[in-house]
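Asks: Put the complex together from the two separate chains, hints included.
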Amino acid sequence: MSSTLTGLKALLQGDLGFSISSRRPVIDLIMARIGPTAMLASSAIILSILISVPLGILAAVKPNSARDYVSTGISLLFASTPNFFAALVLIYIFAVNLRILPSGGMFDSSGQRTLLIQLRHMVLPALVLSFQQIGGWVRYMRSSMLDVMQEDYIRTAKAKGLKRGMVIMKHGVKNSLIPVVTVIGMSIPSLVGGAVVTEQVFSWPGIGSLMVQSIGSRDYPVIMGITVLISVTVLLCNLIVDMIYGLLDPRISYN
Amino acid sequence: MRKCIALILAAAMLTGLLAGCAADGATAGTGEKVITMAMTNPWDTMMPLNTNSNYGRVIYDQLYDRLTMNQADGSFAPRLAKSWEVSEDSTAVTFRLVENAKWHDGTPFTSADVVFSFQLYSNPGVEALSRYLLQYIDGVDASGAEISDKSIAVEALDDYTVVITMKSPMYYETLLNDLNNVFMIPKHIFEGKTPEELNAPTLWENPVGTGAFRFASKIDGERMEFTANEDYFQGAPKIDRLVVRIIPTANLLAGLISGEIDILAGGGLGAILLDDWGMAKEQNNLITESIPTQSYQMLIINTQKPYMTERARQAFSMAINRDVLVNSLLQGEGVSIVTPISPISPYYNPAVEVWFDPDLAKQILEEENFPFDQELVFLVPTGNTTRERAAVLIQQDFQRIGANVRIQSVDFPTLMNDMREELHDFGVIGSGGSLDPSESRQMINPDSTVNFSRLTDYTLSDLALEGTSALTFETRVPYFNLYQELMRDTAAIVYLFTTNSLMAYNNRLTGINAANFNVLDWSAWKWDIN
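Read top to bottom, the protein sequences are chains A and B. The first sequence begins at 4 in our numbering and counts up by one. The second sequence begins at -19 in our numbering and counts up by one.
Just so you know, the hints here were simulated from the structure itself, not pulled from any lab data. Just so it is clear, CB atoms sit at the ideal spot from N, CA and C, and this is done for glycine as well. Some hints could be false.
Stated by the list, open to error - Computed Cβ-Cβ distance ranges for the label pairs, DEER-style:
1) A:Phe87 <-> B:Gly412: 24 to 34 Å
2) B:Gln379 <-> A:Phe87: 31 to 41 Å
3) B:Gln379 <-> A:Val215: 54 to 64 Å
4) B:Ser148 <-> A:Ile37: 50 to 60 Å
5) A:Leu251 <-> B:Gly412: 58 to 68 Å
Just chain B, with the same shape it has in the complex (with noise of 0.2 Å):
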């Protein structure tokens, strides 16, 4: 009995002891800087060109780099290449490479490295999920595939000139917003290997790119950690070392107010979640940062059911109250909206504005002779909170006006699958967005597999195409103009609000362009500790 209390006492000291020691957070120790970055999955791979995911680029970015990088607010921060210029004609963009970048390894980058990165990423018989990024490039097929061995139209014109041509005359900077996610990878590593070998995940364990930091370590599932990379040709990091962790959501703020974590990835990689948001500002050791998106929800109506004509559907946008949804719900940190182009596009269109009349839309359905003991199916998918509670209030909302509608709860691929097959009168669900029309055009587009308010008029898909096919931002504002306002008139999808990004860091860091984050910006070489 007294050898099982002394171990049990034993035991409790050990605790007690490894409680006590080393007890300081992310940045204490050895006297270097180190900044701590949370994420809440793993990257998938170390092979920057065979992946969807972004938590993979948030490790490629510190090793490797991009030719530009795409800005929140729409513009383009140069990168490997100094400067660009589009050809007159649209069909090819010119880029002045950087004379001073290095590869880890001390070897000189040059414009041969760009034309066997886009070599690399087209060959067919290298597995590349990003591959479709170059689809706009002449010499490749559809997906991005080269038709021939090396066809892709990427030439060095000469050390540090690369010319890129286009399929087509195109707006450039369509081109551009692909290439952000198309990293350079060093010629002299891979040159001369067999697709097998290339494919071969450890060929890519221990990366040699041009990024601001080295790869030191990895624990998978864990943690990666870089070293500073001196020579990096935008200036050598101003810390030491950059740990990227991974954590799960409900752990962010706990790790955040103890000091293990310095910074969140942002955007859908790592941000506070709405319901610690009120703890999070009250931190005195955090700096907090509610960052616009263009990510939304959307409500999907069928237009295929005969009482969802265009008018009945304008009745149940403008029955929603997005204030309430946005003011109440997100307890302000999002946007209300009534098309895909959220207020900080460009392309924002201020004219069409949020309408909300309830007495206009009872009118309005009684007027369209609204079967209102006809029971509504509403599916909502579950696993976003937000999105569960919003449902709710939409479903008041509608039963304000007189429907009669039952939310349904579904997982996401039966969700998917039920609206495919026109079970739905409505259903909600969120988008990341984009700037232009690009990516709302998949979801109203009546050859798309995403057209899930079933769609069949081809006018908006069109206008669309025709708005991004336009060779300049002047000429293509008409048309997306032109656009939000049919999005809101026709009413196929009711957009509902875009929501913030909640970012967070120690308040000991500085150099941080949080709001970049969100298009895969980090800079981190640029982050400092006070």
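Chain A extracted, bound-state conformation (with noise of 0.2 Å):
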């Protein structure tokens, strides 16, 4: 009871112990991994983002077209597939057939340490990362939207004679961003923490990464470590979520 005190204790000055394969302090082990996650969980998260909420809108306009199915379709086979799959795909087709992009790494071997190379070295693990999240972000989107255009002041917006668009993009979109903005807010946590399999296969010195090396070598204070800092991002991404409410909802208020 008492060792579990002062380990609380010690948790809440930031000490989270020593490794014990490198015997350094695990908060510098994350610290130095925290940067490349946020960097390609951000890049996933944006890139998520730009891909399935336009593809949701579009499936929602109009239900049972063409477009919806192919939207459908796209965010079926995304959600299905596994991230190792897709990963291993990807390398296949974009380095070692093609050899546009580098297989994985942060940099290559020029020397150089540039912004350039180190986004050439993101895109295949930044898609991979995204594929997952689209294929559920744009089924939610989709359904958020159908619910919304339903409603009774897009109606009332189409009969003002707003332009078609205007009422899609002004009334619509926004209120349908609510329920999706929970969902992007609590995935954000397993890109941090749970991008391991993502970060491995693309060789990306993150959180992911150094989750399975700590795993491989029995290195405990590491592993709870990352597994408090992944618990800190969840109840973070929920305070955020929540304050995000108010924002696209007025009438949800904390006073």
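Replies: The structure is reproduced here in structure tokens:
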């Protein structure tokens, strides 16, 4: 009991103990990896939003049309393709056959560490990470948009003579984003801690690959430290999502 | 809507731009000669004395040096020691050091550094997982820790001569074998530091060694970069920079084909998967080498089961068609064995032939009144597909002679535990092996924690010990010949096959001796690019 309390006290002071294999403070190991993970996760989230939101809208605006089926098909394909498989297929196509993108790592061996080189190395892992998200998010966006488009205020907007595009973008999309924001917010922790497979396959030096390496070397303090980090991320993301609700829907207030 | 489409198009264009630029691989760009080597796991620490991991030794080999280097053929090559001789009574080895070696900061390397390094390794206050490597040296205990302050028997006779005295007369190559992992540390940098200061990982983050490469930069878990040490005493490296990258096994071949990786670290540190071997051999830009190793797989038999008599065990050993295992399962990239001493060892005894005779095996089991209706438990650890497939083939071989075998897949810790509790009839595991019986003896020593066949007889273990205590190669050979004979006939452990290390590197590279990678000698300063 007393050791648990000591551990909790140390945790509150940011002391996660020492790694068994490298003897370095766990917090240092995590801090060294959090940058690459944050970079990869944010690119993946932006990419996912850029692809899934328009696809969801396209599908919802004309339900049961050809483009709805295409969008549904794409989301089904993305959602049901395992990360490691998508990663290997992309590596095979872009790195081995076409040789236009690197198969992994954060930089090449040229000795230069420029943003452009780093972005090049991020294309494939970010794509793979976004695939899983896109699959789900397109479906959420579509169904949320379908619900909203049947609301009275949409009919009112149309009756007032607003242009179709205006109705969809200004009244439809903004309101249908509320449930989607929840889903996106809740996906962030999985991108931070759960990009294990993607980071490992692409040798991306982030939290996910640190997790795999620590499990491989049975480095329990590091594994526990990462678990704590993921838990904190979940709580933080919940808080942020709740705050964004207020921005999207003024009826939701915390006063 | 248009904005969304524009955004998607912009993203696509950016992707295209990124893809288009600087598409070439490792050695292009600045005109420098750069070689990229890949291994599958990162180094654990930058402190060369505090590791048991060979991934770490890949990078230490570039930065630091050792006195002598193990070679794949069992011989030793000079490094910081240009020559060495053993005393007549086999209790001391005198090393003559090279006189032109310098640390990366320009300070000359002398015998004082050697003495200091051994004192540092043996200082119990300093965290040094490699300390056990000093166990044979006088003045330290069984763990390699000094008995009193600086008591380790490593003395400088002059600036370039060092004598290491052993606890008792012994075969000096056993000592050299262990010194293969003892890296020399600069006295002028670390002298006067307290153990607490020495144990701080940050102290080791800017390494100063005598090695062929200087530390340039690192990204934890991703890479370490080195620049050539122009003043290297063996001659300046032929390349400008060396990059060691961490790449998962599944991507090694893709990296080699695309040119992002030039060479693998080899052995268990980074090699082509057997399933990828065919594709690797077809690549025009790669040189592939299948290198025989002493790593092997073995079938453990629980000798404590009443029906597992010596003759019954021999029958099971005879029932296994090792040729099928090697030729079909390993695609020929391995060697059938029946003892732990592989054909690459100078101690290999060709008179102990691999046996295969299922008819005789069946006959023996019948003569031994073997309980054919008894279900035999065969523990197979998960994770190594080749081993798992081998287990199925062995099960079929055993069924052919009438035995009723059930495979039970378990994770490795469970396997170890179950075998210690004698829950198994058979179990299959692998080992790195050694050229002499020093490694295999652990598995048949009744006092050992890895005596999974639960042998209670000391004959084999004592024989191995007697052999390793003999002082010359010639006097050891008769013991080891008999050891191999008895190991096959006792059949407490049934040796199956050695596996080759499947190496590949870019065909523009020259000066590569891939066989030595298995004994942790990369000699990267000899590498060049055509």
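Asks: Evaluate each hint against the coordinates.
Replies: Hint check:
no., hint, in the structure
1, A:Phe87 <-> B:Gly412: 24 to 34 Å, "holds (29 Å)"
2, B:Gln379 <-> A:Phe87: 31 to 41 Å, "holds (35 Å)"
3, B:Gln379 <-> A:Val215: 54 to 64 Å, "violated (38 Å)"
4, B:Ser148 <-> A:Ile37: 50 to 60 Å, "holds (53 Å)"
5, A:Leu251 <-> B:Gly412: 58 to 68 Å, "holds (60 Å)"
Going down the numbered hints, you'll see the structure goes against just number 3.
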